[in-house]
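Novice: All chains should be built: construct the whole structure from the sequences, respecting the hints.
Line order of the protein sequences matches chains A and B. Following the working numbering, the numbering of the first sequence begins with 1 at its first residue and continues without gaps. Following the working numbering, the numbering of the second sequence begins with 1 at its first residue and continues without gaps.
FYI, nobody ran anything at the bench for these hints, they're computed from the structure. Watch out, some of these pointers could steer you wrong.
Claimed, not checked - In the SDA-like style, the derived pairs of lysine to any residue whose C-alpha atoms are separated by at most 20 Å in a straight line are: (1) A:107 with A:67; (2) A:215 with B:22; (3) B:81 with A:70.
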Amino acid sequence: MYLDTLVLHAMPSTEAQHPIATPEDMRLVDALRAGDEQVFRDLVERYNASLIRVALMYVRTRAVAEEVVQDTWIGVLRSLPRFEGRSSLRTWIFRILANQARTRARKEARSVPFSSLAGGDAPAVDPDRFLPVDHSAYPGHWATPPRSWGGLPEEELLARETREHTLAAIDALPASQRTVISLRDVEGWSSDEVCDLLEISEGNQRVLLHRARSKVREALEDYLNGRAA
Amino acid sequence: MSGSPEMLSCREVVELVTEYLEGALSEAEEVRFEEHLAMCDGCAAYLDQMRTTIALAGRLDPEAVDLEACDRLMHAFRGWKADPEGRAE
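Specialist: In structure tokens form, the structure reads like this:
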């Protein structure tokens with residue numbers, strides 16, 4: 001996994017869209033083809049939750065998302081003979097998931113998301129925290145600026161409770177925002193990989209990421225200010 | 001923090017943070033963004049908070065798989081091993 005990330009970062013941006021399989025990926029695929037149960041279990045533990053998160057963008061309920069993910073794993077196993085290493089193993093697994101989820105969404109006659117990004121217009125910060133745009137001296141500047149977190153003890157930021165608040169804020173996001181922030185910031189995917197998987201433009205991806213990060217920051221600010229008070 | 005027209009307002013700056021961090025701003029926009037930041041403690045703190053937020057998200061573990069789902073999948077794995085082409089279905 002570490003190697004995978006390094007390779008991704010080292011790659012020129014033109015190629016980053018299709019990161020190819022690493023030697024480690026090929027080793028895993030060979031082990032799976034040979035029926036190595038532990039390798040399969042490790043992959044499931046590593047990716048199952050993220051796969052469910054992505055599936056939830058396309059289907060309505062968690063139960064259906066879990067079914068789609070189950071079918072994805074079966075699809076992964078059945079497709080092993082066709083894995084040629086032209087993408088990373090991770091990209092390949094998530095593509096199978098996205099295809100399964102889109103098919104399922106069509107069957108459910110549910111329109112695939114991202115057609116409406118109208119919700120993306122919400123401001124990153126509560127407008128009440130700024131001076132009015134027609135303010136004589138400082139239009140649109142902070143009325144209530146954020147307090148620096150620089151003075152917080154490191155343990156506070158790394159505390160389990162802070163982590164739980166971060167996770168809760170991510171879980172509370174609309175599915176498309178939650179998926180993008182999970183893939184980008186929790187899993188460390190590149191922007192190209194996310195756009196490719198979700199079939200969205202870079203601009204749309206950025207809007208979703210921006211809304212998501214802004215809301216998580218706000219939740220953390222509420223929590224941390226409460227602690228400092 | 002003057003209110004001159006070419007100066008970004010804080011309200012605008014907070015909407016550009018992700019584009020800035022993604023390197024998606026034009027060179028001219030980036031200069032304006034950084035000029036504002038150099039003079040505005042509030043926005044500097046804001047950018048810093050966004051960076052911390054991203055770092056905190058990066059420290060989260062992917063949620064643990066529920067064991068029942070894992071068992072079902074291991075069962076499916078053994079089924080696949082016995083019949084890789086799925087002919088038995």
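Novice: Taking the hints in turn, state whether each one holds.
Specialist: Consistency of the hints with the structure:
Taking the CA atoms of residue 107 of chain A and residue 67 of chain A, the gap is near 14 Å; set against the 20 Å cutoff, the hint holds. Taken as a hint, the residue 215 of chain A and residue 22 of chain B pair is honoured in the structure, with Cα atoms around 18 Å apart against an allowance of 20 Å. Taken as a hint, the residue 81 of chain B and residue 70 of chain A pair is honoured in the structure, with Cα atoms around 16 Å apart against an allowance of 20 Å.
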